[in-house]
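Chains as they are written, first to last, in numbering that gives the first Met the number 0: chain F, 0 to 368; chain G, 0 to 368; chain H, 0 to 336; chain C, 0 to 336.
Wrong hints could be hidden among the right ones.
[What the hints assert, rightly or not] Here are some chain G residues pointing at chain H (derived, C-beta under 10 Å):
(1) L117
(2) P131
(3) A143
(4) Q310
(5) Q311
[Stated by the list, open to error] Dumping the calculated DSS-like pairs for lysine-lysine here, alpha-carbon to alpha-carbon at most 25 Å:
(6) C:K313 - G:K49
(7) F:K152 - F:K244
(8) F:K147 - C:K313
Everything labelled a hint here was simulated from the structure, so no lab data went into it. The structure presented is a predicted model; accordingly, all values stated were derived computationally and were not measured. Here a beta-carbon is modelled for each residue, glycine too, at the ideal position from N, C-alpha and C.
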Amino acid sequence: MFDNLDQAPGKLGYIDARGKPVRELPDEIDVAWLQASYRHMVRIRQLDKKAVALQRTGQMHTYPSCLGQEAIGTGIGLAMQDDDVLVPYYRDQATQTIRGVTMQQILQVWGGDERGNLFTGVAAKDFPNSVPIGTQMSHAAGIATAMKSRGIKQAVVANCGDGATSRGDVYEALNLVGVWQLPMVAVINNNQWAISVPRSLQTGTRTLAEKALAVGIEGLQVDGNDVVAVYQAVSQALARARSGKGGTLIEAVSYRLSDHTTADDATRYRDASEVSQAWEYDPVKRLQIFLHELGHWTPTQEQTLLAEVKQQVDAAVTAYLGEVPQAADDFMAYVFAEMTPTLLAQRDQLLAKLERDSVAQGGGSDDSR
Amino acid sequence: MFDNLDQAPGKLGYIDARGKPVRELPDEIDVAWLQASYRHMVRIRQLDKKAVALQRTGQMHTYPSCLGQEAIGTGIGLAMQDDDVLVPYYRDQATQTIRGVTMQQILQVWGGDERGNLFTGVAAKDFPNSVPIGTQMSHAAGIATAMKSRGIKQAVVANCGDGATSRGDVYEALNLVGVWQLPMVAVINNNQWAISVPRSLQTGTRTLAEKALAVGIEGLQVDGNDVVAVYQAVSQALARARSGKGGTLIEAVSYRLSDHTTADDATRYRDASEVSQAWEYDPVKRLQIFLHELGHWTPTQEQTLLAEVKQQVDAAVTAYLGEVPQAADDFMAYVFAEMTPTLLAQRDQLLAKLERDSVAQGGGSDDSR
Amino acid sequence: MTAGNSAQGSDTHEVTLVEAVNLALRRALTDDPEVVILGEDVGTNGGVFRATLGLREQFGYKRVIDTPLAEALIAGISVGMASQGMRPVAEIQFMGFINSAVEQMLCHAGRLRNRTRGRLSCPMVLRAPFGGGIHAPEHHSESTEAMFAHMPGLRVVIPSSPTRAYGLLLSAIRDPDPVVFLEPKRIYRLVRQQVVDDGQGLPLDTCFTLRQGKDLTMVSWGAMIHETLLAAKELARQGVEAEVIDVATISPLDMVTILRSVEKTGRCVVIQEAPRSFGVGSEISARIGEEALLYLRSPVQRVTGYDTPMPYPKNENLYMPSTADIIEAARATLENA
Amino acid sequence: MTAGNSAQGSDTHEVTLVEAVNLALRRALTDDPEVVILGEDVGTNGGVFRATLGLREQFGYKRVIDTPLAEALIAGISVGMASQGMRPVAEIQFMGFINSAVEQMLCHAGRLRNRTRGRLSCPMVLRAPFGGGIHAPEHHSESTEAMFAHMPGLRVVIPSSPTRAYGLLLSAIRDPDPVVFLEPKRIYRLVRQQVVDDGQGLPLDTCFTLRQGKDLTMVSWGAMIHETLLAAKELARQGVEAEVIDVATISPLDMVTILRSVEKTGRCVVIQEAPRSFGVGSEISARIGEEALLYLRSPVQRVTGYDTPMPYPKNENLYMPSTADIIEAARATLENA
Ligand SMILES: Cc1ncc(C[n+]2csc(CCOP(=O)(O)OP(=O)(O)O)c2C)c(N)n1
Ligand SMILES: Cc1ncc(C[n+]2csc(CCOP(=O)(O)OP(=O)(O)O)c2C)c(N)n1
Ligand SMILES: [Mg+2]
Ligand SMILES: [Mg+2]
């Protein structure tokens with residue numbers, strides 16, 4: 000499953016697959032931090048489950064689950080400072096929610112509503128996720144260039160998958176980080192698969208971290224299922240970046256426990272046994288056991304958390320399902336800062352057409368053509 | 000001038016900048032081989048000089064000189080076998096002529112005549128040079144894929160400059176060589192400059208050879224001004240490739256002694272002192288001295304060679320200048336295997352227009368509009 | 000596929016468009032050892048739309064190749080392979096991801112023959128599912144065929160039915176020059192048709208007249224052919240006989256068929272899903288205006304998408320041209336006398 | 000530049016088109032600290048055409064940035080910088096090398112505002128010299144403006160004189176949305192004009208009528224404006240008054256100006272250097288046919304390049320539309336009565 004042994008999540012972190020400590024926790028990691036991480040991870044897993052369920056019942060479009068990737072997103076989210084900028088990919092729901100993107104917004108995006116990208120607060124300058132694989136990495140490099148040029152001590156975190164490392168633009172962006180010493184931390188979510196293509200068919204290197212060598216930046220591998228390891232790696236890399244010491248490439252070794260998206264059927268191309276084995280590395284479970292064995296997580300706490308999270312997720316779903324539709328012409332209104340005469344004319348056509356259809360159907364335009 | 004000391008040409012080869020042996024020559028290199036190499040290098044330098052002169056006198060369009068790069072091209076050309084395929088870039092005149100591309104064809108290409116790409120014989124499957132930087136590397140990977148898929152023991156040599164290593168498609172192609180173990184040898188002509196941009200602004204790595212690490216192939220640096228070193232490195236890499244052991248990235252460290260092209264003025268961005276220092280590493284001179292000190296090159300031989308080469312170059316120039324123009328509609332005739340109705344109609348328009356203009360000008364269409 | 004699976008002989012299959020693609024690929028792989036399939040997820044997974052389903056099993060790893068995730072590379076190695084006499088049929092997973100392959104298609108695929116005055120050529124096919132209407136995420140619904148149509152040296156071919164998918168794809172693969180083959184994914188599984196798997200190609204560079212009519216000409220391609228035919232049917236019910244032309248090969252354009260029809264009907268509606276301005280419909284409309292002006296009894300009408308990105312799925316339908324839009328445009332051409 | 004070099008105040012300069020570009024860049028750098036120049040060889044070398052000459056010296060390394068050789072990267076980091084409020088003005092060395100930047104322009108630059116419903120925007124300019132006629136090597140002569148014109152969310156702007164280069168570039172840089180700014184390199188140094196360096200932009204999204212005329216309308220852009228004006232002059236000598244319209248902003252297209260003129264003249268020639276089919280001229284011709292049909296006294300004529308790659312320099316002139324071609328087309332529109 001994992002290309003080679005030293006990539007197995009649990010070998011490069013603090014808490015192993017069975018929830019046992021691998022080495023002493025860093026000083027800044029206390030019980031409160033661990034509990035908070037755990038809460039984030041449980042919350043995002045529930046949201047994720049709900050999103051898949053909504054898709055299955057026709058209330059959501061294609062959705063990319065982050066099942067099994069919660070530690071990566073959470074570790075990054077907790078490591079980032081408010082004035083850092085996040086350039087996510089589509090499995091970064093955990094990081095996004097920590098940065099204040101609402102669960103409703105996440106549902107909106109995959110429910111097919113651009114308003115889900117209207118982030119506010121800390122996330123106001125963050126990018127929405129990028130669908131064309133890899134293209135976001137140069138945006139991040141550009142943001143890092145702006146930060147460096149303005150002399151602000153901020154940094155960018157940019158994420159992508161293992162498959163994305165085959166794209167030339169990812170290399171181009173990382174190469175720029177190296178030559179311009181940009182304050183950027185790139186995290187590769189190596190979940191072993193790019194849809195049906197295994198990591199071993201993407202590149203001949205033993206690790207993805209070593210791609211840092213080709214661009215002259217730091218590179219390291221961490222256990223992507225260990226939230227402490229991800230947090231530590233990203234925190235330290237961000238500190239380096241903010242202090243002008245340049246960028247880092249972090250390979251977070253993990254596993255995609257879900258189908259690629261709800262449109263995918265992973266049983267077509269990978270063994271059930273591989274997946275069930277991967278479940279033994281579950282990032283959420285291991286943290287629960289760890290906390291529990293430390294004496295800091297009880298079944299009662301678990302139940303309270305689940306109830307609380309259920310309420311939050313349900314509230315988000317209710318808000319999502321109940322939202323006021325966008326104005327019909329919203330998809331024209333933001334193409335340019337001001338609508339051009341061409342678009343104004345096209346808007347008139349659209350509105351006339353909707354009027355026509357509504358009359359033809361006896362009122363109310365709907366989803367069918 | 001050279002980013003760091005171990006890149007200085009002369010340090011990674013057999014014959015140093017002063018024409019002194021650095022280490023024992025490989026067995027297969029004998030006097031005849033050295034003399035043949037020297038002849039090639041002198042010939043290409045003369046052709047190159049002539050091409051620049053033709054451009055200065057308005058008989059040639061923009062031309063990229065290979066002054067100072069003769070050892071790279073010659074070393075590669077001599078290392079390749081007939082059934083290997085060359086995917087050159089625009090400074091590979093030396094390799095091309097060794098593979099049977101005629102001097103006249105090289106002049107034709109830069110004189111603005113597509114017929115210069117009508118290679119025959121050994122070069123019949125070679126690519127013409129590629130103007131969009133880096134794009135040729137994936138052609139080479141595709142050719143290597145075809146070879147591997149057909150089970151033929153051939154290999155591809157693909158070349159590019161130091162600047163080209165910043166292009167994502169170069170990385171993509173090399174990555175494929177690594178993961179598919181393709182029979183391809185990539186040679187980077189690190190001539191320290193990409194037009195006005197020094198190597199140090201292209202990437203943060205210490206060498207370009209180490210980019211091989213990111214794609215899981217062999218990588219090495221050689222003295223690109225030492226024809227023996229280039230030959231050895233490419234020969235061995237080709238042997239590995241042909242025997243199914245995968246690809247190699249060779250960084251040939253050199254220096255662009257000329258302007259970027261005849262359209263460039265390098266004095267705008269680099270010091271004369273740098274260039275004159277680089278002349279001390281001249282690949283042609285050092286081989287001459289080496290041969291001379293071995294007792295195998297006399298002033299008489301030099302004079303004979305120069306006379307002989309002059310004759311060859313002059314003949315090529317005469318042929319080039321005297322060639323029959325292409326048919327007016329040739330630029331339409333090869334767009335598709337057969338001219339489409341659209342193109343046939345456009346050809347009629349063209350011919351009518353030429354007829355009209357010829358009548359208007361009292362016969363004979365010319366170069367002015 | 001409801002009929003037998005064998006690509007030998009000439010079995011008849013009742014297939015959808017995507018199954019017809021599969022059938023053509025299978026036939027090409029069987030007939031010509033130089034044909035190889037490559038792309039992302041085309042192997043074990045059989046393609047995200049299952050266009051390459053079962054091909055890996057039948058033809059093996061060497062002929063059905065999963066590539067790394069890099070579209071510029073997919074196009075670039077196809078150029079290289081084709082230059083040596085192979086016949087690569089590359090899949091771009093969605094047309095929205097074809098953009099990094101633009102450079103290879105424009106600079107090399109379409110020019111290799113011309114650049115070398117016929118010494119090297121580039122018999123490759125770049126397949127991509129295109130168009131909207133399946134409620135897919137952003138960038139999964141693009142129709143940028145105009146971009147490729149403008150590139151010299153490329154053919155752009157678009158089937159609109161299972162039979163045409165089969166016949167045109169075979170011809171595209173056998174064509175000695177590069178073809179961008181765009182598959183209208185919205186109708187991938189819309190209807191089944193009898194396809195005789197006899198290895199017969201259909202002609203490229205020629206329109207297909209799907210319906211004869213004397214009152215007006217409707218010109219379209221790809222998935223919009225579906226709405227166009229529905230509109231023609233409704234118009235017929237209203238007593239108006241529309242001629243329906245499937246352009247099929249977008250470039251080079253067969254204007255003869257279109258002009259002949261417009262000369263007969265004097266009225267024309269061009270239907271395209273892509274954004275309105277600078278689309279393929281513009282060329283067709285321009286050519287009609289320029290070459291059949293005296294026959295035109297009414298201005299050419301274009302029914303198109305808007306000059307906007309395709310909206311996220313919730314509002315996708317606001318963007319898509321509809322049957323009613325086509326009927327309205329047809330009526331408008333009929334009003335001018 | 001023959002006059003003073005200062006970008007302060009409002010000196011008058013007698014400049015070529017490329018010098019006007021330089022003047023506008025200098026002015027933008029002076030006025031707005033968020034403006035940065037980036038690209039290959041734009042620094043010490045001042046750009047291969049010298050468009051950025053002296054800017055590095057005046058504004059330093061942080062504002063005038065030599066990038067690695069990677070066009071996708073240049074566009075991509077510009078998107079990133081612009082999203083944070085900077086105003087990157089990126090140079091692509093030749094339009095023939097813009098193709099790897101297509102994905103960023105299409106998928107991101109033109110969509111960031113729409114995707115985020117106005118939260119993020121992309122005020123960047125992508126400059127590139129374009130067009131043929133300077134006997135440059137392959138890929139140095141492309142005119143692929145139609146490709147960008149079809150992309151929602153992008154402006155495509157093309158100046159045809161020093162004054163318009165200055166004014167349009169300033170407006171492009173100040174525009175809140177992405178602009179592809181194409182500079183006709185064939186006329187980079189053709190004429191000098193008085194340019195007042197007063198920081199005044201010229202309006203985008205609007206045609207410029209360069210010559211009034213009642214007999215026919217000639218529509219063009221970029222370098223072909225030169226031949227178009229020559230043709231108009233010759234026609235005037237022959238007693239025919241042509242109205243000459245410089246489209247200037249290719250997308251979004253100002254059809255009002257064009258239609259108003261054609262309604263007056265009833266005849267139109269569209270002149271484009273790019274390959275004929277699916278070019279910008281197709282859209283213009285289509286719109287005229289569709290919206291001014293009743294005014295047309297003769298079919299619109301297009302004078303264009305051929306559907307071929309630009310030939311290598313020796314035969315470049317065979318490809319290029321000429322003044323005589325324009326006159327011939329104009330005459331053809333006049334023959335139809
Ligand atoms: C440029 C591009 N090509 C193809 C796709 C289709 N696609 C979507 S996700 C995906 C696989 C991505 O794999 P990876 O980078 O490992 O990320 P993961 O989904 O595994 O997290 C592909 C091929 C795309 N979105 N963009
Ligand atoms: C894609 C692309 N971008 C830009 C150019 C313009 N250009 C031609 S050569 C060159 C520099 C190439 O440098 P390098 O790769 O080091 O090769 P060298 O010319 O030094 O041998 C540039 C930028 C081009 N030809 N192709
Ligand atoms: Mg993955
Ligand atoms: Mg170089």
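Verification of the hints:
This hint holds: G:L117 has a C-beta 5 Å from the nearest C-beta of chain H, less than the 10 Å allowed. A distance limit of 10 Å between C-beta atoms decides the matter here; for G:P131 the minimum to chain H is near 5 Å, and the interface restraint holds. Given hint, G:A143 at the interface with chain H, holds; its Cβ is 8 Å from that chain's nearest Cβ, closer than 10 Å. With a cut of 10 Å, the hint placing G:Q310 at the interface with chain H is violated, because the nearest CB-to-CB distance is about 28 Å.
Interface restraint check for G:Q311: the shortest CB-CB distance to chain H comes to about 24 Å, outside 10 Å, so the restraint is violated. Taking the CA atoms of C:K313 and G:K49, the gap is near 19 Å; set against the 25 Å cutoff, the hint holds. Of the supplied pair hints, the one linking F:K152 and F:K244 holds, its CA atoms being roughly 11 Å apart against a limit of 25 Å. Taking the CA atoms of F:K147 and C:K313, the gap is about 47 Å. The hint is violated against a cut of 25 Å.
When each numbered hint is compared with the structure, violations occur for hints 4, 5, 8.
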